[in-house]
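Can you make the complete structure from the sequences, with help from the hints?
The sequence shown runs -23 to -1, 1 to 156 under mature numbering (1 follows the signal peptide of the UniProt record, and there is no 0).
Hints were generated in silico from the structure; no laboratory data involved. Accuracy of the hints is not assured; some may be wrong.
Calculated cross-link-like contacts (lysine to any residue; reagent style SDA-like; alpha-carbon spacing at most 20 Å) [claimed, not checked]: (1) K82 / L105; (2) K141 / T116; (3) K123 / V49; (4) K61 / G87; (5) K37 / Q23; (6) K64 / T116; (7) K125 / G12.
Each pair of labels, with its calculated beta carbon distance range [said to hold, decoys possible]: (8) A50 / S2: 24 to 34 Å; (9) K56 / I110: 38 to 48 Å; (10) F52 / E72: 10 to 20 Å; (11) G28 / R75: 15 to 25 Å; (12) L112 / S58: 29 to 39 Å; (13) A65 / I110: 33 to 43 Å; (14) V111 / G28: 16 to 26 Å; (15) L112 / H9: 30 to 40 Å; (16) D113 / D144: 15 to 25 Å; (17) F155 / D57: 12 to 22 Å; (18) E68 / L112: 19 to 29 Å.
Every residue gets a Cβ at the ideal spot worked out from N, C-alpha and C, and that includes glycine.
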Amino acid sequence: MKTIVQIIGAFLLTALLCQATHAASVKNYRNHSLGFEVSYLDNWEQSQGPGNPAFFIKRKSVEEPGSISISVANFTGDKDSFMKEIKAHPEKFIEEYRQRFPGAKMLGSGDTAMGGVPGYFVVASYPLKNPNIVLDIVTWQTFCIKGKRIYLISFETPLLLFEKTFDEAQVVLDTFNFR
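This is the structure in structure tokens:
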């Protein structure tokens, strides 16, 4: 009996180590022309995203979807004025969602950093409707201004999967660096 318990324990330990090794595998992406790099877990894959972002990945799992995009645009305004305005009225940042998806609502916002540069995040939810299903989506948008560019990292996933998939998205947020 003791031997069987040891064998089962060894199998469980092996399975856990394989999962930990698999979960720890990361891929790297670097965009020299736009001056950034990120890492992401290997259960995500690069894909073509809507709106042609500089970088787009999606979870490989159809049952637990999620996507992350990084967009970069030229910024010609005053950085301090822009940041003060968005902090004073973060709900303006989701106006486009409200126009496209009636029922979109603000869930939170706050200060953050991207690659050591001060930034801001906005979290919102919106209903995605089609004839067969209504699905609440959460979007987490983090942005900062560096030099003459504004960088935006967007993470979207179904509300029911947010807590589970956000840990993986956090890898991208935490590894974002300017080059």
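A quick look at each hint next to the structure:
With a C-alpha separation of about 13 Å, the suggested pair K82 and L105 falls inside the 20 Å cut-off, and the hint holds. Proposed proximity of K141 and T116 is supported: the alpha carbons are some 14 Å apart, at most 20 Å. Restraint check for K123 and V49: satisfied, since their Cα atoms lie roughly 10 Å apart, inside the 20 Å limit. Between K61 and G87, the direct Cα distance comes to roughly 12 Å. Compliance with the 20 Å bound is thereby established for this hinted pair.
Proposed proximity of K37 and Q23 is supported: the alpha carbons are some 10 Å apart, at most 20 Å. Of the supplied pair hints, the one linking K64 and T116 holds, its CA atoms being roughly 18 Å apart against a limit of 20 Å. Taking the CA atoms of K125 and G12, the gap is near 12 Å; set against the 20 Å cutoff, the hint holds. Between A50 and S2 the CB atoms are about 32 Å apart, so this pair conforms to the stated range of 24 to 34 Å.
Between K56 and I110, the C-beta spacing of about 41 Å keeps the proposed range 38 to 48 Å intact. About 19 Å separates the C-beta atoms of F52 and E72, a value consistent with the hinted range of 10 to 20 Å. Between G28 and R75 the beta carbon distance is about 18 Å. The supplied range of 15 to 25 Å therefore holds. The beta-carbon spacing between L112 and S58, approximately 37 Å, falls within the hinted interval of 29 to 39 Å.
Distance hint check for A65 and I110: the Cβ-Cβ separation is about 37 Å, which falls inside the suggested range of 33 to 43 Å. Evaluation of the 16 to 26 Å hint for V111 and G28 yields a pass: the beta carbon distance comes to about 24 Å. Roughly 37 Å separates the CB atoms of L112 and H9, a value that falls within the hinted 30 to 40 Å. For the pair D113 and D144, the supplied restraint of 15 to 25 Å holds, since their beta-carbon distance comes to about 19 Å.
Evaluation of the 12 to 22 Å hint for F155 and D57 yields a pass: the beta carbon distance comes to about 19 Å. For E68 and L112, the Cβ-Cβ distance of about 22 Å falls inside the hinted range of 19 to 29 Å, so the restraint holds.
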